[in-house]
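Between the sequences and the hints, there should be enough to build the whole structure, so can you do that?
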Amino acid sequence: MENNLEEIRREIDGVDARMAALFEQRMDLVRRVTEYKKAHGLGISDPSREEALVRRNAEMVADRAIREYYVNFEKQVIAQSRDWQRRLLSGMKIAYSGVPGAFAYIAARRLFPGAELVSFPDFARAYASCEAGETDVVVLPFENSFAGEVSTVTDLMFSGSLYVNQVVEVEAEQNLLGLPGADKSRITKVYSHPQALSQCAEYLQRHGFEAKEFANTALAAKRVAEKQDPTRAAIGTAEAAELYGLEILEARINTSRTNTTRFAAFSRVLNLDTENKRKMGKHFILMYTVKNEAGALAQTLNIIGTHNYNMYNLHSRPMKELLWNYYFFVELDGDIATEEGSSMLRELAPLCDRLKLVGSFYTR
Amino acid sequence: MIFKRKLLIPKEIKEMYPISGEGALAKRRNDVQIAEIFTGASDKLLLVIGPCSADREDAVIEYISRLRALQERVADKIVIVPRIYTNKPRTTGAGYKGMLHQPNPQGGADMLRGLISIRKLHMRAINETGFSCADEMLYPENHRFLDDLLSYVAVGARSVEDQQHRLTASGLDIPVGMKNPTGGDLSVMMNALHAAQSGHTFIYRNWEVESKGNPFAHAILRGYVDSHGITHPNYHYEDLARLCELYAGSGIRNPAVIVDNNHCNSGKQYGEQIRIAKEVLHSTRHNADIRHLVKGMMIESYLLDGCQKPEEGVYGRSITDPCLGWEKTERLVLDLAELWV
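Going down the list, the protein sequences come from chains A and B. Anchor point for the first sequence: position 93 equals 93 in this note's numbering, and the numbering is continuous, going up by one each time. Anchor point for the second sequence: position 142 equals 142 in this note's numbering, and the numbering is continuous, going up by one each time.
Worth flagging that the hints you see were computed from the coordinates, not collected in a lab. A hint or two may mislead.
Derived DSBU-like pairs (lysine-lysine); straight-line CA-CA distance at most 35 Å [claimed, not checked]: (1) B:Lys-11 x B:Lys-97; (2) B:Lys-14 x A:Lys-282; (3) B:Lys-6 x A:Lys-320.
It should be emphasised that the depicted structure is a prediction, and the values quoted were computed from it without experimental measurement.
Here's what the structure looks like:
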């Protein structure tokens, strides 16, 4: 009997030894994934993928009683590898525009936990820092579900050299922030970013508040805190209130209930991986100019249509350097890294004066 | 008529799928080789061979790649021009109208995608195999989309009486084969050859254009249907001798005939093409005039024997008229190389 117990223990030792080697191997593979993501400016952690992974792996455990222990074990393994990725990414520098607490900060933090976030006073300088190689990635807002495109960023996409490889959505809850104990009825002036102000325009009008534009919401909150004038308030996030010691005078004052901003992570290389993420759609962005003649835009749309790509979004922007000339921004549903996609690009090229594939990314 | 959308011009589609430098050289070489057959400078046999309709890019490219290897084996006797027929005339207008109309044979009409698809297919053919191919000139205006890629075009039995086809043929710098009409009247075909070999001024793609006449416009005998709906062949010795007579004293330059082995000559019994081909060669051995007149043949052939309905979707089997499969085709071409003297 004793002999037998010894034997079983020896076998457990053997299993442990094999598990240690496998764990090391797994962590090494995670390192390789992280290096790839780093090079392509991709963020870590995809919760939907992790959940699916645990569920799929659990099915490999035949004994149902053991399975629930396995689920916990696997979750631990994933948590450890996320920590590991965070450490590996810690050398990475992420540019954003605004101050801590702004939406851009939240988006960058969510995409690149553990990385160093570097703040810039405006979009153009943040973008330029990544182009120059001072930062690895720049995270900028490019579309708001309520106010539409962020035109400065659209222009940077067109004129700049960076690519969009990842997009994250941050849902905005706009709150009225004031000094602690301030009386809402005495507020006269409200500070915020123009987009936040437009999202809350109805509320501001109803209360007769005067709006004053700021470069971003967090800066507006900071200003209210510095001024110490109880008739001033800011529109911003709960994070900003906490960061600058303000109080939420009224929560959720934005008109549209689902107010979401899409942030793009830009980097210097275009990532066209063909990895198939379940439950994720793929999108890509094209920007182009056409000859200034009748039907020129329609011809490009016909080519897109003939390849069965659904157009998610199309808008035009003036080209600053050429009076009354416009470029087009098109976001499309589908994968560009396919035979169909490369045929489409090839066929669009002669119809466009300039044509640029700005990015390709997964979207929910 | 509803004007749905303005299509692209040939220049734009050519820029999307341009011929390579090497492809352009290959076309020039092929054109010279083919012209020499029509002038009589070369006595090789011209084989215009391939599927009845080019239904899908992958299967057609595979087929043509096989032809390339076969061409190398018979190079001293035979010049192969693969047929890539991208538009099909339909007797009643119903059914599959070719890649130009239906780039996806199971789908509906998409003329923009169709124009791009036929250009892409012909471009791949020359860039990847060095073959500048043959197509039917069903819509003369569309020739400009392919003019730098083709080495041969045919004017079909239903189009041969049409003025615009004849005038366009007169302006092309590649051989144009003009078929006898479905009713079999050879004078209609001879008139078409006269017209195509003369110069004209006419309207083409909204331009006033001038043609010099095409000295390589020639006859194609494809059999016919009589007033009772009965199919008759016209590839026999007597038919060829009669065509020699029609050519004699007609003033038509470079007298030539290509025998279409399928259609009414085979009664669409695709297997008969083998016997018909050999019989034509036999006729050339008995009469020096016929030997000089017969320049080549048209054979309908694909990867697999026979045909299918478009919705069946078998790779490499014709979705229009039945074709000879690859094994029989290869055997036939090797036999013809042996028999052609």
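Results for each hint:
A hinted pair counts as satisfied when its Cα atoms are at most 35 Å apart, and Lys-11 (chain B) with Lys-97 (chain B) qualifies at roughly 24 Å. At most 35 Å may separate the alpha-carbon atoms for a hinted pair to count; Lys-14 (chain B) and Lys-282 (chain A) meet this at roughly 31 Å. Distance restraint check for Lys-6 (chain B) and Lys-320 (chain A): the Cα-Cα separation of roughly 30 Å lies within the 35 Å cut-off, and the hinted pair is therefore satisfied.
Violated hints: none; the structure is consistent with every hint.
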